[in-house]
Amino acid sequence: MARDADEQTLCALIDPEERVKIVVSPIGAQGFVLGRGNQQISPAVVRRAGVGSVIVVATPQKLAGTPALYVDSGDPELDGEFGDSIAVVSGYRIAQRKRLLHPGSGSHLER
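Using the working numbering, read the sequence shown as starting at 14 and increasing by one per residue.
Keep in mind that the hints are not guaranteed to be accurate.
[Unchecked claim] Okay, the calculated beta carbon distance ranges per label pair: (1) Ser66 to Arg16: 24 to 34 Å; (2) Gln53 to Gly93: 13 to 23 Å; (3) Arg49 to Thr72: 33 to 43 Å; (4) Ala25 to Ala81: 31 to 41 Å; (5) Glu94 to Cys24: 30 to 40 Å; (6) Thr22 to Gly63: 32 to 42 Å; (7) Val33 to Gly93: 28 to 38 Å; (8) Gly104 to Gln21: 26 to 36 Å; (9) Ala81 to Glu30: 26 to 36 Å; (10) Gln21 to Ile107: 18 to 28 Å; (11) Arg106 to Ser38: 17 to 27 Å.
No lab work stands behind these hints, which were simulated from the structure alone. All values reported here derive from a predicted model rather than from experimental measurement. Note that beta-carbon positions come from the ideal geometry of N, C-alpha and C, so glycine has one too.
Model the full structure from these sequences, guided by the hints.
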C-alpha cells in the first residue's frame, strides 16, 4: 500500500508476478474512475497491474447520482480493454454494474 505515490513509485511497487489491486472511486458527480484527478494511476501502472486489478468503489448515494462512469487514461486502447460496463462495489457483498464510457476514444459520442 502506498499513499500519495507518483506514477514512478507505483510502477516500482508493482510486481507483475504478484496479485495487485488498484482501488479507485469515481470523482464527484463527474464519474471519472481513471484519468481525472488520479493521473498517477497512468496507463503504465494499469498495464503493469492488469486491467482486471482495478476495483471501483462508491457509495450507493454517489452511484445514484452518476448515470455513467468514465475511463480516460490517455490511452484509448487501454480504455477499451475495460469494456462497456464495470462492477462497482457499493457495500458488503454488494456491487452494481455501471455503464462505462471512454471519452478519449469517442465512445461517449456513440451512446
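Practice task
Please write out, lowest number first, the hints stated earlier that are contradicted by the structure.
Solution key: 1, 3, 5, 6, 7 and 10
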